[in-house]
Amino acid sequence: EADIYQTPRYLVIGTGKKITLECSQTMGHDKMYWYQQDPGMELHLIHYSYGVNSTEKGDLSSESTVSRIRTEHFPLTLESARPSHTSQYLCASSVQGSNQPQHFGDGTRLSIL
Amino acid sequence: QKEVEQDPGPLSVPEGAIVSLNCTYSNSAFQYFMWYRQYSRKGPELLMYTYSSGNKEDGRFTAQVDKSSKYISLFIRDSQPSDSATYLCAIGREYGNKLVFGAGTILRVKS
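In the order they appear, the protein sequences are chains A and B. Residue 1 is where the first sequence starts when you use my numbering, and the numbers rise one by one after that. Residue 1 is where the second sequence starts when you use my numbering, and the numbers rise one by one after that.
Bear in mind the hints are in silico, worked out from the structure with no lab data behind them. One should not assume that every hint holds.
A few chain B residues that don't get close to chain A, going by computed Cβ distances all over 10 Å [claimed, not checked]: (1) GLN31; (2) MET34; (3) LYS67; (4) SER82.
Estimated spans, in silico, between C-beta atoms of each pair [claimed, not checked]: (5) A:THR55 with B:ILE18: 40 to 50 Å; (6) A:ILE13 with B:LEU46: 43 to 53 Å; (7) B:ASN55 with A:GLY40: 49 to 59 Å; (8) A:GLU63 with B:LYS2: 39 to 49 Å; (9) A:THR86 with B:ASP7: 19 to 29 Å; (10) B:PRO14 with A:THR77: 40 to 50 Å; (11) A:TYR50 with B:ASP7: 45 to 55 Å; (12) B:ASP58 with A:MET41: 20 to 30 Å.
For glycine and all other residues, C-beta sits at the position ideal for the given N, C-alpha and C.
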């Protein structure tokens, strides 16, 4: 079973607040990813990282930012939350190499009022 | 046009039925094919991983790739109520760094 953890699981918060979604993995994976998932829609990649100090934007434009200071930790930050940020955010990790299977956390369901 | 298409369902079947879940894709450059299962309020978990064409079997699950038709399938034999979930296909290009996911098919197995 994959050891990748996301906190909080659920967050309801007001507009304009700064939010950090946490993601940690204990598998020593170099690659980590953030996806956005809305009901009935595809997973959209918003950020990924090849390793420490490496971050890249994904295919879906996002106002969020990420950092990768430690291999096991890949937090996502929204400086000023808006209702349009309401979604489920999934974190994943994989070993290096092309198209390696990704292991997912259980997600953070974010609601911005 | 989306790179991968998947019927959203829901697909309802009786317990014990053989289930066929499918995805079509548009680009012949895709070489890696995966199936994930996602239970409600959980993250996707990998079920099957295949490279190029052919079949792969794991217990009650069989993944099939037909590259000439750009069509991939997941078969579930002797389906159980515990198989009720959303099934996502995911595809990747040779030497690619990102996967493309389908929107998922909702499966309901009735006891």
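Any of the earlier hints contradicted here, and which numbers? Violated hints: 1, 2, 6, 7, 8 and 11; rest satisfied.
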